[in-house]
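**Student:** Top line first, the protein sequences correspond to chains A and B.
The letter at position 45 of the first sequence is residue 121 when you use the working numbering, and the numbering goes up by one with no holes.
The letter at position 98 of the second sequence is residue 108 when you use the working numbering, and the numbering goes up by one with no holes.
No lab work stands behind these hints, which were simulated from the structure alone.
All figures in this text were calculated on a predicted structure; none of them were measured in a lab.
Don't take each hint at face value.
25 Å max Cα-Cα, derived SDA-like pairs, lysine to any residue [claimed, not checked]:
#1 A:89 - B:352
#2 A:321 - B:410
#3 A:89 - B:329
#4 B:427 - A:79
#5 B:427 - A:84
#6 A:321 - B:423
#7 A:321 - B:383
Here is what each chain is made of, one letter per residue.
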Amino acid sequence: MGNLILSRPLDIKRPYYVQELGVHLYSAEELCYYIFHYVMLIDESFADERLLDFIHQLDQPRLEERILRTQEQGGLYDVLYVILQELRYYSSSDLFQFRRQLEKLSRSSAAERIRAKGDLLFERGQYYAALRAYNQVLEQDSRELADSEYVSRIWQNKAACYARTEHYAEAMDNMKNAWLLTRNPGLAEKMYALNRLMGLDEVPEPVRSVVTDDMLEQFRSNWDKRWQLAAYQGKALEAAALQDKAESERSKAYLELLFRWKEEYRKKQLS
Amino acid sequence: MDELILGIDLCDTHSQISVFSPEKGEPEAILTGESESTSQISTVLCKLKGSDTWLIGYEAYRRALMGEGTMVDKLVKLLYKNGSATIEGTRYSAVELMGHYIEQLLALPRQKYGTDAVRCLAFSLRELNPDLLDRLTLACDACGLSRDKLRFLSHTECFSFFVASRPREIWPNIVVGFDLTDEGLDYYEMHVLRGRRPQVLEARREALEEAFDLDVLDTAVGERMADSILSSCADRLLAKKLISSVFLTGDGFLNVTTWAPEFLRRLCNKRKVFEGQHLFADGAAIQAYDSTREESLFPYVCICEGRLSSSISLYAVRDGRNEQLTLASAGSNWYEARASAEFILDDVQTLELMITPFATQRVEVIPISLAELPARPNKATRVQVIISFASENHVTARVVDKGFGELFPASGMVIRKDFLIS
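Let the sequences and hints guide you as you build the complete structure.
**Tutor:** Shown next as structure tokens:
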């Protein structure tokens with residue numbers, strides 16, 4: 077049995093903008109949710125004047141004071157904890173869980189934190205921001221980067237970001253880098269799929285030697301199945317649903333959908 | 011008097027208007043002549059030919075009979091039906107006609123007290139119908155009356171307020187009222203529920219089937235018959251009840267002492283009996299005045315027609331504590347009791363509204379399934395719960411998906427549930 081939490085709508089004139097997600101936060105609840113679920117995205121620049129101004133608009137003078145005091149005495153994670161504690165949006169068990177997450181984060185390396193940030197951004201579809209994070213990981217001087225398997229995963233993630241933004245050639249280059257590090261045969265099918273997206277029914281040069289005819293046949297069959305399935309998923313499904321609308325409303329609905337997709341795309345470009 | 015505090019008893023045949031005087035502490039009826047009976051202003055409207063002049067009441071009748079204008083009557087019924095009337099080739103909606111009528115009606119106190127400003131205007135109506143009230147509000151808009159200054163009350167509420175404003179010795183026990191007009195014969199009964207804090211005034215109205223046409227009073231035989239009908243009503247309604255006072259109102263009871271000896275003999279049996287012509291208008295004016303005060307003169311919960319007999323509440327977490335949040339309180343006017351609040355769902359699949367009747371305190375739970383709302387992570391859905399009423403019994407609850415800011419945009423989905431409360 078859950079709870080209803082009374083929410084007081086406030087007239088916030090200057091919402092807090094989260095650049096990584098491309099969204100504005102308008103309430104104390106949204107701020108808490110962002111901190112609780114996206115703590116990986118938050119860095120030292122978070123507790124700035126914009127945040128204090130936002131808290132001021134939320135009419136939380138005590139929290140303002142506590143943030144300033146905590147900033148002097150502690151670090152970013154203490155500030156985040158104080159915000160959640162003071163706004164009381166999450167229960168004490170949630171706060172305990174959050175505290176453990178913070179401890180785990182503070183023990184992890186910079187590279188690991190940035191990679192987690194990249195993964196989170198990828199999950200939210202912020203592919204350009206995720207790419208930036210993965211590039212940052214590769215620039216770190218961290219012990220993880222001595223592990224070729226780890227670095228290969230980063231290149232694969234970068235390839236996935238490029239593929240999702242339809243930059244297939246760049247995706248292939250990154251995938252080749254991943255392949256060169258581990259020569260993992262599992263990557264061969266992914267590279268074949270990228271080639272198919274570019275209109276080529278063949279495996280690319282670096283993996284050609286490890287792919288047998290039977291494997292290629294299997295890749296083809298898997299690709300065909302996925303291609304057919306794609307017509308019933310995601311955006312294709314959204315567009316197909318509009319066919320049920322009356323003819324008079326259909327073209328307007330298509331335009332609205334297209335407009336929304338464009339907005340989403342722009343938002344992702346900017347983030 | 012800087013601003014008028016008004017009560018209008020708006021009926022289909024006659025209307026009355028009372029002005030509350032804060033200095034005297036009581037309402038005063040507007041009379042168009044010398045006698046008490048002139049407080050009744052016919053609910054008719056006459057537009058003079060070739061002019062934009064509108065008249066009401068006796069003058070409207072007179073000029074129409076002289077052929078100087080076109081008359082429209084039964085304005086309340088016309089408004090209820092959302093009808094129209096065509097005068098000199100122009101079609102006027104019922105709302106427009108009611109607007110003209112109210113404007114002319116308001117001219118009477120404005121002229122008498124030398125001020126146009128209205129602080130509060132309470133309408134007393136025989137029955138509160140939501141469509142009628144909406145159209146009456148529109149008619150008042152046309153008169154330039156601000157909506158926040160309007161109140162709509164049932165006759166039963168006005169009766170209760172009128173009685174409660176009298177000295178306490180008049181109503182230690184049950185108080186009853188009879189309203190005899192061309193529109194019917196209504197019986198009112200009010201009593202105080204003992205042992206409750208705050209005290210509860212419970213009142214009800216009964217439209218009696220024994221109603222008769224007032225024309226029967228034009229003959230001696232008819233008068234005797236009317237006396238006999240009313241006497242049998244009194245026998246039936248007042249038997250075995252501890253009644254302190256009886257109020258008689260309506261133009262049917264004008265000169266009641268001359269034609270209803272048997273009826274009065276039954277009433278005046280160790281009870282105080284009063285006769286007056288503007289009880290509902292006075293009650294409305296008293297309520298209008300009370301609504302302008304910071305602290306009410308009537309520390310009672312009134313349960314009657316037009317008022318909610320049950321409270322509607324739900325449990326919600328406020329500032330970290332789980333508490334019962336009342337969305338609509340028993341005793342409040344249903345027309346004004348619309349409530350709305352926003353909540354965030356924390357692992358909630360069903361919203362539970364609790365209905366608590368004032369009389370019994372036995373809670374009934376109305377579940378509203380939220381399964382249709384878009385799937386989102388926990389604590390990432392804000393809903394607006396709106397409670398509105400189509401009458402004192404008919405409740406509509408709507409749950410509107412408000413999303414969660416830009417993180418999870420609102421779908422605008424509305425889950426609606428209609429239910430009845432006792």
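**Student:** If a hint holds in the structure, say so; if it does not, say that too.
**Tutor:** Hint check results:
About 19 Å separates the Cα atoms of residue 89 of chain A and residue 352 of chain B, which keeps this hinted pair within 25 Å; it holds. The straight-line distance between the Cα atoms of residue 321 of chain A and residue 410 of chain B is roughly 24 Å, inside the 25 Å bound, and the hint therefore holds. A distance of roughly 23 Å separates the Cα atoms of residue 89 of chain A and residue 329 of chain B; the hinted pair therefore holds under the 25 Å criterion. Of the supplied pair hints, the one linking residue 427 of chain B and residue 79 of chain A holds, its CA atoms being roughly 20 Å apart against a limit of 25 Å.
Distance restraint check for residue 427 of chain B and residue 84 of chain A: the Cα-Cα separation of roughly 24 Å lies within the 25 Å cut-off, and the hinted pair is therefore satisfied. Between residue 321 of chain A and residue 423 of chain B the alpha-carbon distance is near 18 Å, which keeps this suggested pair within the 25 Å criterion. A C-alpha spacing of about 22 Å is found between residue 321 of chain A and residue 383 of chain B, which places the hinted pair at or below 25 Å, so the restraint holds.
Comparing the model with each earlier hint shows no violations; every hint is respected.
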